[in-house]
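From first to last, the protein sequence lines are chains S and G. Last residue of the first sequence: 257 (my numbering), numbering continuous. Last residue of the second sequence: 257 (my numbering), numbering continuous.
Think of the hints as simulated: they come from the structure by calculation, not from any bench. Incorrect hints may appear among the rest.
As the list makes no split between identical chains, a pair holds if one copy fits it or if it spans any two.
[As the list claims (entries may be wrong)] Calculated cross-link-like contacts (lysine to aspartate or glutamate; reagent style EDC-like; alpha-carbon spacing at most 16 angstroms):
no., residue 1, residue 2
1, Lys110, Asp77
2, Lys217, Glu85
3, Lys110, Asp159
4, Lys110, Glu90
5, Lys110, Asp207
6, Lys174, Glu199
From a predicted model like this one, the values you see are computed outputs, not experimental measurements.
2 protein chains.
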Amino acid sequence: MAEHPPFAVTVDIALFTIRDGGLCTLVVRRGEAPYRGRWALPGGFVRIDEDLDRAAERELREETGLARGFHLEQLRTYGAPKRDPRMRTVTVAYLALAPGLTSPVAGTDAADAEWRPVAGLLAATPGLAFDHGRILADALERARSKLEYTPLAAAFCPPEFTIGELRRVYETVWGTTLDPRNFHRKASKTPGFLVPTGGTTTRDGGRPAQLYRRGTLEVLNPPLARGVA
Amino acid sequence: MAEHPPFAVTVDIALFTIRDGGLCTLVVRRGEAPYRGRWALPGGFVRIDEDLDRAAERELREETGLARGFHLEQLRTYGAPKRDPRMRTVTVAYLALAPGLTSPVAGTDAADAEWRPVAGLLAATPGLAFDHGRILADALERARSKLEYTPLAAAFCPPEFTIGELRRVYETVWGTTLDPRNFHRKASKTPGFLVPTGGTTTRDGGRPAQLYRRGTLEVLNPPLARGVA
DNA sequence: TCAAAAGTGTTAATTCTACACCCATGT
DNA sequence: ACATGGGTGTAGAATTAACACTTTTGA
């Protein structure tokens, strides 16, 4: 049993951000067959001497110009035999989150990259190229559930943010509305979740709000979904 | 950019069960270099026309003789460039859970397969072959956290089980002790979690206990960790 | 009759939810 | 002065945690 059939290994990235109050994903328009003209998730081949995470970082940088400040984690791997009609590929999908003010596009490959609302991408027919619709749906589900029990929502915010901004992240991703007062209490009273920077801002209007940075807490227990309304 | 370096793709399986009140993993002793004589997770190459999940199922069947009744889910993918000194491999790791009474071993490859306590495997030096120690640790963490918010603990039990048996699964995997009375209330009152079969058993000693099957519930909210002591 | 595990009841402490209400700013 | 979001207080409902107590079996 020393057969080891050759596979091509790629990484694909579902990168989310919040723009105009909606959850958006970076997609690239395919210029070649198969799926020519359709939207696809950014991605590419893993190099022969490259770790998977490193490959995902590189692709993300190539497509967006982003070098830091984003969250990147492995989502899952997709390897149906016919997922790419050209050859036998396995793709390791990644979930990435970035703050909103990201300059849309900058990279080399990214000539046709655009931010698109997630809901539209998932509902459209025909959908994304390859199995990218499935990947995007899985990524969305992962993002939603990780917001519940990790401090990951801050990855959608600039380095310093207000509790109100953080709340709007949850509301956007979950598609719910939360009680601002209970959310404020919960967020500010959970030890290790947020670190006050001392600064304030009025960029959201109204009374000046305290600015915070992400704390060191890794897991929220109880989950943030509770006690928030 | 039509380079696509060839990779070998494998699946490796961290299969957990509970034996003698302890959490155990199925490991195989390596008969060849590299890592000759060391324990490794069971696994093998993905076939050229085979889906990843299918490959994992096949390997599991080959190593254990188990055909059904186990839980199997993708864990994550490991692809460090030097993880196998012989060639460039990427392995898609799976987490599997099986009931305790599994006949130890039966398959073809599985000549040297054994159930070993997880704690010992993780603590031993030298550890498992390749990056399997890491995979095992990640699998354990996944199993622990999935017990919190899914009805997955039942995968460690026979088709019909008592609430006490289910509680001992949680206690074993989490390494904690739970209040039997609160656990009973929480488990039996959570809608959709358990379905009474009508039968009873005294196999655990004491007063006869109701038998249950897994319900249809997919996600526990609140998590079972809460309200249980 | 006793030990062992199942199963029910009860209570105090905590947390959750839903609001009323005040605060500090820009317009 | 007023609209807008920030932030605190509080009270009833629900949940959690701790433990007393009864039930039903096998030995």
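*Taking 16 angstroms as the upper bound on the Cα-Cα distance, should lysine 110 and aspartate 77 be classified as within, between, both, or neither?*
between (26 angstroms within a copy, 8 angstroms between copies)
*Checking lysine 110 and aspartate 207: alpha-carbon separation at most 16 angstroms within a copy, between copies, both or neither?*
Neither: 47 angstroms inside a copy, 50 angstroms across copies.
*Go through the copies and call it for lysine 217 and glutamate 85: within, between, both or neither, with a Cα cutoff of 16 angstroms.*
Close neither inside one copy (34 angstroms) nor across copies (46 angstroms); limit 16 angstroms.
*Since the copies are identical, ignore which copy is meant and state whether lysine 110 and glutamate 90 lie within 16 angstroms (CA to CA) inside a copy, between copies, both or neither.*
Intra 27 angstroms, inter 25 angstroms, cutoff 16 angstroms: neither.
*First find the shortest C-alpha distance between lysine 174 and glutamate 199 inside one copy, then the shortest across copies, and answer within, between, both or neither for a cut-off of 16 angstroms.*
within (14 angstroms within a copy, 25 angstroms between copies)
_Cα distance capped at 16 angstroms. Does lysine 110 pair with aspartate 159 within a copy, between copies, both, or neither?_
Classified as within: same-chain Cα gap 10 angstroms, cross-chain 29 angstroms, threshold 16 angstroms.
In the structure shown, a violation is registered for the earlier hints numbered 2, 4, 5, in ascending order.
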